[in-house]
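Sequences listed follow chains S and P, in order.
Residues in the first sequence are numbered from 0 upward in steps of one, following numbering that gives the first Met the number 0.
Residues in the second sequence are numbered from 0 upward in steps of one, following numbering that gives the first Met the number 0.
Please note that a few of the clues may not be correct.
[To be verified] Here's a subset of chain S near chain P, in silico, CB distances under 10 Å, partners left out:
no.	residue
1	ILE26
2	GLY87
3	THR124
4	ALA126
5	LEU181
6	GLY182
7	PRO183
8	LEU264
9	THR293
10	ILE300
11	LEU351
12	ASP355
13	ASN358
Hints were generated in silico from the structure; no laboratory data involved.
Virtual Cβ for every residue (Gly too), placed ideally from N, Cα, C.
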Amino acid sequence: MVETVLLVGVVASIFVGFNIGGSSTGITWGPSVGAGIVTKTTAAAVMTFFVFFGGWTVGRNVMDTLSEGIVTMDLTLTAGVGVLFFIGLGMLVANIFGVPVPTSMTTVGAIAGLGLATGTLNYETIAGIITWWIVTPVIGLWIGVLIGRYIYSWVNRRVQIEKSEGQLLRLDRRGAVPTPTLGPNTTWQELVTTVVVLIIGCYMAFSAGASNVPNAAAPLVGTASGLDADTAIVVATLAIGLGGFTIARRTMDSVGGELSDIPLLAALFVMVTASTITTLLSWAGIPISLVMATVMTIVGIGWGRATRPITVREAVARDVENPEIELGAIVAEEKAGETAPDIGEPEPEEVLHGGDLFNPRAIIKYVTMWIIGPSMSTILAYAFFSILPGVA
Amino acid sequence: MLSKILVPMDDSEHAGHALEYALDNHPDAEVTVLHTVGVPSMMMGDAVSLTLEDDLDDAAAERAESVFERAREIAAERDREIETIVGIGHPARNIIDRAEEYDTVVVGSHGEDWSRATRRFLVGNIAETVSKRSPVPVTIVR
Numbered sequence: 000m001v002e003t004v005l006l007v008g009v010v011a012s013i014f015v016g017f018n019i020g021g022s023s024t025g026i027t028w029g030p031s032v033g034a035g036i037v038t039k040t041t042a043a044a045v046m047t048f049f050v051f052f053g054g055w056t057v058g059r060n061v062m063d064t065l066s067e068g069i070v071t072m073d074l075t076l077t078a079g080v081g082v083l084f085f086i087g088l089g090m091l092v093a094n095i096f097g098v099p100v101p102t103s104m105t106t107v108g109a110i111a112g113l114g115l116a117t118g119t120l121n122y123e124t125i126a127g128i129i130t131w132w133i134v135t136p137v138i139g140l141w142i143g144v145l146i147g148r149y150i151y152s153w154v155n156r157r158v159q160i161e162k163s164e165g166q167l168l169r170l171d172r173r174g175a176v177p178t179p180t181l182g183p184n185t186t187w188q189e190l191v192t193t194v195v196v197l198i199i200g201c202y203m204a205f206s207a208g209a210s211n212v213p214n215a216a217a218p219l220v221g222t223a224s225g226l227d228a229d230t231a232i233v234v235a236t237l238a239i240g241l242g243g244f245t246i247a248r249r250t251m252d253s254v255g256g257e258l259s260d261i262p263l264l265a266a267l268f269v270m271v272t273a274s275t276i277t278t279l280l281s282w283a284g285i286p287i288s289l290v291m292a293t294v295m296t297i298v299g300i301g302w303g304r305a306t307r308p309i310t311v312r313e314a315v316a317r318d319v320e321n322p323e324i325e326l327g328a329i330v331a332e333e334k335a336g337e338t339a340p341d342i343g344e345p346e347p348e349e350v351l352h353g354g355d356l357f358n359p360r361a362i363i364k365y366v367t368m369w370i371i372g373p374s375m376s377t378i379l380a381y382a383f384f385s386i387l388p389g390v391a
Numbered sequence: 000m001l002s003k004i005l006v007p008m009d010d011s012e013h014a015g016h017a018l019e020y021a022l023d024n025h026p027d028a029e030v031t032v033l034h035t036v037g038v039p040s041m042m043m044g045d046a047v048s049l050t051l052e053d054d055l056d057d058a059a060a061e062r063a064e065s066v067f068e069r070a071r072e073i074a075a076e077r078d079r080e081i082e083t084i085v086g087i088g089h090p091a092r093n094i095i096d097r098a099e100e101y102d103t104v105v106v107g108s109h110g111e112d113w114s115r116a117t118r119r120f121l122v123g124n125i126a127e128t129v130s131k132r133s134p135v136p137v138t139i140v141r
């Protein structure tokens with residue numbers, strides 16, 4: 000009986016890991032694959048390694064929170080399998096409706112539902128986690144705004160990320176020992192930027208492992224008849240890797256493809272910010288969604304850029320009395336400079352405002368989903384474990 | 000007699016039907032096609048890439064060009080000419096904000112296809128929102 004339940008649990012864990020692998024490989028490597036810097040297969044292989052690395056090290060802190068912190072009792076194996084079932088259900092909903100349901104939040108919700116049903120919920124821990132869930136998107140947004148408003152265009156003017164034809168490196172066999180040298184069209188700057196892109200991808204893969212391996216592994220750990228932590232991490236990594244090699248090919252074109260719609264440089268800023276937030280919180284044992292941090296940083300960069308202030312030079316050129324903060328206004332200023340209309344001329348008839356893209360209502364929609372996802376999993380898990388108390 | 004008609008279009012089939020309907024049923028009307036770019040999507044990729052462009056107006060116009068080209072072809076088949084406007088952000092809001100200046104709005108019943116369900120989920124049903132909030136009569140074309 001125990002073996003059967005364990006088998007079901009491992010299968011459920013693999014299903015969860017497989018889906019996580021698909022989506023997180025997509026956002027982590029989508030931009031680099033889109034830019035032609037790595038192939039999809041290389042991406043999946045590197046992903047698997049760094050996910051394991053992240054899960055094995057920092058991920059353990061999150062695993063402790065999930066398996067021991069949120070509920071005061073020891074998880075039973077059947078309860079763990081039940082929790083995995085609700086995580087999987089959340090993913091199914093996400094896949095069918097194409098909405099980003101954050102796995103880490105669904106997981107915490109399901110375990111909290113179990114805690115509520117059995118009266119073992121550790122309110123202090125859950126309050127701490129929810130506080131971070133509120134603070135994190137704000138931090139991501141704020142950093143994004145700073146980057147978009149002050150840093151991005153400055154860096155963009157100085158750094159060119161490009162991919163030339165031919166191999167990046169080749170082996171120079173003229174000497175006694177073959178030494179790698181630059182490929183046919185490679186410049187030093189290209190080599191450096193390619194390496195930077197790879198390193199940032201690995202960093203994000205690490206943070207994905209730290210935050211996501213516990214979702215698939217934790218429910219099976221910490222139970223009398225479950226798996227030990229090391230085995231569970233290996234199983235979860237293999238499942239994530241499997242997802243990375245298979246369905247990630249599709250998600251790189253959808254979720255990851257969207258991230259690669261934005262210039263690679265901006266994508267790199269987003270990746271570094273989101274990975275850092277996710278790694279730090281995972282290190283502190285707070286389950287956090289990498290996707291959430293990513294989306295908020297992207298929105299922040301766009302918003303920050305859209306509200307960029309007019310520079311002194313432009314303001315002087317047109318003698319603006321009330322510098323407007325919308326990007327549309329800046330564009331109009333620049334255009335006005337080209338055709339040089341007199342001061343007081345009517346504005347161009349149609350001015351597009353970048354700010355219109357980042358209306359607060361757009362963000363409210365995301366936040367709504369982040370509230371609905373974990374709430375639904377809490378309610379469903381609570382109902383499930385209340386109706387079937389024997390399972391917990 | 001309707002003299003000014005707004006036809007919001009995206010790259011969907013129904014949008015084409017809406018324009019055909021407007022042109023066929025109002026032979027003397029002045030038809031304006033509105034296309035919205037930078038529509039909010041799951042990760043805001045489109046919207047953000049648009050703001051990161053140096054010149055927002057040019058970038059927006061460039062992205063709208065394929066839709067306008069198709070619209071002009073449809074119009075040319077009927078020996079008609081159309082005006083074009085680019086909007087950015089939320090399609091429904093763009094339509095509703097501009098609708099006042101027109102006598103009617105003719106919109107396709109469905110936007111993008113099921114494969115882009117995400118976008119539709121986020122944006123909501125555009126035709127429905129427009130029909131509820133538009134200050135002028137709305138025709139929904141299947």
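Results for each hint:
1. Against a cut-off of 10 Å between C-beta atoms, the interface hint on ILE26(S) holds, since the closest Cβ of chain P lies about 8 Å away.
2. At a threshold of 10 Å, the smallest CB-CB gap from GLY87(S) to chain P is about 20 Å, leaving the interface hint violated.
3. Hint on THR124(S) is violated. Least Cβ distance to chain P is approximately 30 Å, over the 10 Å limit.
4. With 10 Å as the threshold, the beta carbon of ALA126(S) stays out of range of chain P, its nearest partner Cβ sitting at about 29 Å, so the hint is violated.
5. Using the Cβ-Cβ criterion of 10 Å, the hint placing LEU181(S) at the interface with chain P is not satisfied: the shortest such distance is roughly 30 Å.
6. For GLY182(S), the shortest C-beta to C-beta distance to chain P is roughly 29 Å, which exceeds 10 Å, and the interface hint is violated.
7. For PRO183(S), the shortest C-beta to C-beta distance to chain P is roughly 31 Å, which exceeds 10 Å, and the interface hint is violated.
8. A least Cβ separation of about 9 Å between LEU264(S) and chain P falls short of the 10 Å threshold, and the interface hint therefore holds.
9. Taking 10 Å as the C-beta cut-off, the interface hint given for THR293(S) holds, the closest approach to chain P being about 7 Å.
10. For the restraint placing ILE300(S) at the interface with chain P, the shortest Cβ-Cβ distance is roughly 6 Å, inside the 10 Å limit, so the hint holds.
11. Hint status for LEU351(S): holds, given a least beta-carbon distance of 5 Å to chain P, under 10 Å.
12. A hinted interface residue such as ASP355(S) counts as satisfied when its beta carbon comes closer than 10 Å to some beta carbon of chain P; here the least separation is about 4 Å, so the hint holds.
13. Below 10 Å, beta-carbon pairs count as interface contacts, and ASN358(S) has one with chain P at about 7 Å; its hint therefore holds.
Checked against the numbered hints given earlier, the structure breaks hints 2, 3, 4, 5, 6 and 7 and satisfies all the rest.
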